[in-house]
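> Could you build the full structure based on these sequences and the hints that come with them?
2 protein chains.
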Amino acid sequence: MQKASIITIGDELLIGQVIDTNSAWLAQELNKLGIMVVRRIAVGDNERDIEDALNTASDCRLVILTGGLGPTSDDITKPFLLKYFGGKMTVHQPTLLHIQYLWNEVFKRELTLRNIKQAEVPDTCRVLPNSAGTAPGMWFEKNGTIFISLPGVPHEMKTIMQEFGFPEIQSAITGQMVLHKTMETFGIGESMIADRLMEFESNLPNFIRLAYLPNFSLVRLRLTAIYAAHYSTEEVLSSKFLELTTLLKDVMVSEDDVPMEKIVMDMLHSRKKMMATAESCTGGYIAHLITRNPGSSAVFEGATVTYSNRFKTNLLKVPEEIINTYGVVSGEVVKEMLHGLLQVSMADYGIAVSGIMGPDGGTAEKPVGTVWVAAGSGKNQLIQKFHFRFGRQQNIELTAMNALNLLREVILMEESGD
Amino acid sequence: MQKASIITIGDELLIGQVIDTNSAWLAQELNKLGIMVVRRIAVGDNERDIEDALNTASDCRLVILTGGLGPTSDDITKPFLLKYFGGKMTVHQPTLLHIQYLWNEVFKRELTLRNIKQAEVPDTCRVLPNSAGTAPGMWFEKNGTIFISLPGVPHEMKTIMQEFGFPEIQSAITGQMVLHKTMETFGIGESMIADRLMEFESNLPNFIRLAYLPNFSLVRLRLTAIYAAHYSTEEVLSSKFLELTTLLKDVMVSEDDVPMEKIVMDMLHSRKKMMATAESCTGGYIAHLITRNPGSSAVFEGATVTYSNRFKTNLLKVPEEIINTYGVVSGEVVKEMLHGLLQVSMADYGIAVSGIMGPDGGTAEKPVGTVWVAAGSGKNQLIQKFHFRFGRQQNIELTAMNALNLLREVILMEESGD
Numbered sequence: 001m002q003k004a005s006i007i008t009i010g011d012e013l014l015i016g017q018v019i020d021t022n023s024a025w026l027a028q029e030l031n032k033l034g035i036m037v038v039r040r041i042a043v044g045d046n047e048r049d050i051e052d053a054l055n056t057a058s059d060c061r062l063v064i065l066t067g068g069l070g071p072t073s074d075d076i077t078k079p080f081l082l083k084y085f086g087g088k089m090t091v092h093q094p095t096l097l098h099i100q101y102l103w104n105e106v107f108k109r110e111l112t113l114r115n116i117k118q119a120e121v122p123d124t125c126r127v128l129p130n131s132a133g134t135a136p137g138m139w140f141e142k143n144g145t146i147f148i149s150l151p152g153v154p155h156e157m158k159t160i161m162q163e164f165g166f167p168e169i170q171s172a173i174t175g176q177m178v179l180h181k182t183m184e185t186f187g188i189g190e191s192m193i194a195d196r197l198m199e200f201e202s203n204l205p206n207f208i209r210l211a212y213l214p215n216f217s218l219v220r221l222r223l224t225a226i227y228a229a230h231y232s233t234e235e236v237l238s239s240k241f242l243e244l245t246t247l248l249k250d251v252m253v254s255e256d257d258v259p260m261e262k263i264v265m266d267m268l269h270s271r272k273k274m275m276a277t278a279e280s281c282t283g284g285y286i287a288h289l290i291t292r293n294p295g296s297s298a299v300f301e302g303a304t305v306t307y308s309n310r311f312k313t314n315l316l317k318v319p320e321e322i323i324n325t326y327g328v329v330s331g332e333v334v335k336e337m338l339h340g341l342l343q344v345s346m347a348d349y350g351i352a353v354s355g356i357m358g359p360d361g362g363t364a365e366k367p368v369g370t371v372w373v374a375a376g377s378g379k380n381q382l383i384q385k386f387h388f389r390f391g392r393q394q395n396i397e398l399t400a401m402n403a404l405n406l407l408r409e410v411i412l413m414e415e416s417g418d
Numbered sequence: 001m002q003k004a005s006i007i008t009i010g011d012e013l014l015i016g017q018v019i020d021t022n023s024a025w026l027a028q029e030l031n032k033l034g035i036m037v038v039r040r041i042a043v044g045d046n047e048r049d050i051e052d053a054l055n056t057a058s059d060c061r062l063v064i065l066t067g068g069l070g071p072t073s074d075d076i077t078k079p080f081l082l083k084y085f086g087g088k089m090t091v092h093q094p095t096l097l098h099i100q101y102l103w104n105e106v107f108k109r110e111l112t113l114r115n116i117k118q119a120e121v122p123d124t125c126r127v128l129p130n131s132a133g134t135a136p137g138m139w140f141e142k143n144g145t146i147f148i149s150l151p152g153v154p155h156e157m158k159t160i161m162q163e164f165g166f167p168e169i170q171s172a173i174t175g176q177m178v179l180h181k182t183m184e185t186f187g188i189g190e191s192m193i194a195d196r197l198m199e200f201e202s203n204l205p206n207f208i209r210l211a212y213l214p215n216f217s218l219v220r221l222r223l224t225a226i227y228a229a230h231y232s233t234e235e236v237l238s239s240k241f242l243e244l245t246t247l248l249k250d251v252m253v254s255e256d257d258v259p260m261e262k263i264v265m266d267m268l269h270s271r272k273k274m275m276a277t278a279e280s281c282t283g284g285y286i287a288h289l290i291t292r293n294p295g296s297s298a299v300f301e302g303a304t305v306t307y308s309n310r311f312k313t314n315l316l317k318v319p320e321e322i323i324n325t326y327g328v329v330s331g332e333v334v335k336e337m338l339h340g341l342l343q344v345s346m347a348d349y350g351i352a353v354s355g356i357m358g359p360d361g362g363t364a365e366k367p368v369g370t371v372w373v374a375a376g377s378g379k380n381q382l383i384q385k386f387h388f389r390f391g392r393q394q395n396i397e398l399t400a401m402n403a404l405n406l407l408r409e410v411i412l413m414e415e416s417g418d
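Going line by line, the protein sequences match chains A and C. Throughout the first sequence, residue numbering follows this note's numbering, covering 1 to 418 in sequence. Throughout the second sequence, residue numbering follows this note's numbering, covering 1 to 418 in sequence.
Warning: the hint list may mix true and false statements.
The list treats identical chains as interchangeable, and a pair is accepted whether it falls inside one copy or across any two copies.
[Said to hold, decoys possible] The calculated lysine-lysine pairs, modelled on BS3-like cross-linking and capped at a C-alpha distance of 25 Å, are:
id	residue 1	residue 2
1	Lys249	Lys108
2	Lys385	Lys108
3	Lys3	Lys142
4	Lys262	Lys272
Calculated directly from the structure, the hints in this document are not laboratory data.
As structure tokens, this is what we get:
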């Protein structure tokens with residue numbers, strides 16, 4: 001299997017002001033091409049550290065560098081690449097024309113010297129055009145290793161790779177193939193699953209590997225097969241995957257690697273149903289999870305984020321006396337919220353949540369992390385109390401996951417009941 | 001200044017199924033202690049790669065390792081640490097008691113052998129207790145370098161470091177101090193700012209550095225001073241920062257490093273005002289940005305995410321004829337949405353957005369990325385059309401940032417008008 005290293009350049013990544021999402025995306029995409037990322041190195045805007053990283057990474061067939069190509073003056077990457085790969089700096093005419101077009105026609109701002117300098121590249125590279133921005137990608141080769149330098153802005157990096165980088169890598173490197181199969185469980189801990197799979201794991205052939213990928217209440221289990229002249233790899237993987245899903249049937253939520261909201265959205269889509277959410281403590285996060293997916297309007301009516309009590313009574317007609325009697329974090333209130341939501345949204349299914357996310361607002365009786373969820377249709381509802389023990393952001397995330405799962409259970413329950 | 005390296009261990013990080021947020025947090029916190037992260041290395045669950053990374057990192061005073069300590073069987077980190085640092089594996093009694101307590105009293109599940117194994121550590125380490133989970137942190141020293149091994153689960157890693165790691169690092173390493181001052185601009189590109197700051201930058205003393213940290217329409221500018229026996233470092237930094245904020249007064253939105261929603265929340269808080277949002281294309285994302293902050297209920301009434309048209313007319317009383325005449329993505333509709341929102345939420349200020357986020361739904365007249373925003377109070381509103389040119393997630397992010405900025409402008413306008 002071919003190996004790759006990723007090098008990210010920039011003080012902003014090292015000092016932690018920016019989180020690196022590029023590397024994860026690149027690793028996933030390279031994996032699909034049968035190229036395994038074996039190392040990721042992050043260095044600052046410092047010539048010697050960049051050089052060390054490039055030297056270390058040279059044991060790979062492919063090295064991808066991101067960052068350090070912006071228009072501002074703390075960038076030292078391009079001059080370094082010139083020195084490292086040799087050649088002389090020249091203006092790449094098609095890039096210059098593209099930059100001029102962007103400034104004159106799209107941004108309608110005056111072109112500065114800084115922007116023009118972005119069209120300069122060492123003449124030892126092949127340019128990978130950047131249709132989403134100004135700084136182009138650069139393809140170098142040295143001692144049998146391919147080096148691709150890319151801007152750090154995620155959508156520019158992705159566009160260059162999709163349009164030019166991956167196709168050219170694919171034609172330059174023919175690697176072994178890697179196959180993944182992922183299933184998901186919900187509501188069961190990593191160590192409990194591991195206990196149930198002890199025998200299964202010890203019987204796996206040596207070219208198949210099992211990985212646990214927990215993410216809050218959802219644990220993904222991934223089988224990876226690496227082709228090594230095994231003609232039947234795909235068949236063996238499929239049969240092992242079938243074994244795995246059978247062993248964990250009772251806790252499986254998906255035979256695929258999809259986020260929880262997509263599982264629910266797909267269920268609604270195939271049943272031609274719409275949903276809505278009434279969120280208090282999750283503050284719109286469930287709605288955001290759903291609507292970040294293209295085409296969500298086909299299954300999502302909308303949401304009410306009723307943070308204040310008066311908004312709850314105004315919008316969802318939750319009777320004030322119920323709030324006063326049971327407290328705003330209670331099964332009775334989420335039941336009324338769900339009822340009001342289904343009325344006002346005309347959705348088929350709804351989720352209503354109310355809870356205390358912390359760090360403040362907890363009491364002895366209802367400590368931080370107490371959450372009530374109601375999910376269901378006009379006909380069938382499930383109402384459940386949860387208690388999460390984490391920080392605010394994790395509690396919000398866990399509430400969203402469990403609320404979506406509760407709705408999933410109602411839909412399945414209705415199915416089996418009919 | 002003392003140097004540190006961060007090593008993350010785990011195939012799940014390398015193949016990109018999990019995004020590494022730990023490193024950014026660790027780098028930020030170490031920076032506050034005057035320790036500069038000079039290198040980050042990500043390696044898979046592979047003994048030789050972990051060893052290479054440790055050897056490379058040994059030029060630092062401090063090396064932090066995260067990951068590879070979970071209860072499942074693809075973890076090889078602990079046996080490796082035993083081999084690398086010597087000693088023998090022993091059960092750490094306080095950790096065992098803590099694990100027994102968690103299983104018996106908190107999770108109320110049967111304790112397995114796997115869980116008990118988490119209490120085993122090489123006797124060459126000092127244990128850093130994990131009050132948020134089972135796998136403890138481990139502190140090793142070798143040839144003048146401190147190595148801290150931590151679990152990869154973010155909240156466990158953070159808890160260990162905050163309770164034990166950072167205090168012990170501070171007492172073990174006395175580094176030079178680092179000072180940062182960050183300001184933020186909005187609505188002006190990185191390269192245009194750089195042009196305005198050319199003279200300022202060339203006049204900076206060599207112990208102060210300027211970094212550009214763009215994040216959508218918001219660009220953070222950070223001055224960093226590294227103490228090097230300059231008694232007046234703090235004063236020089238402050239005077240340079242004053243110069244910087246004066247040069248960019250017209251585009252500055254904050255003299256601090258705070259997210260856009262916090263700027264608006266702080267403005268509302270000091271004025272004792274409440275806000276609400278009516279979101280179509282942002283799908284609850286603005287509400288989520290606000291409510292992820294503790295104490296948001298003091299300024300936030302709630303939100304309506306009116307994804308469908310019938311929800312818009314039902315909830316916000318947007319007249320159907322206005323939707324039919326002008327289209328749902330129009331200045332007229334967001335104006336009506338804002339009006340309805342202020343009525344139903346009883347908030348002082350509101351934000352209403354409607355747009356086409358893509359990838360589908362665009363037309364020749366209203367292409368993907370067209371967004372209308374209305375922001376303001378019952379008395380004063382600003383209504384503005386935007387056109388973003390990115391992918392769905394970026395368009396949502398940009399809409400949220402610009403909508404919050406528009407509300408900021410209304411509040412400032414009201415102030416100066418009175």
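> Looking at the structure, which of the earlier hints fail to hold?
No numbers; nothing is violated.
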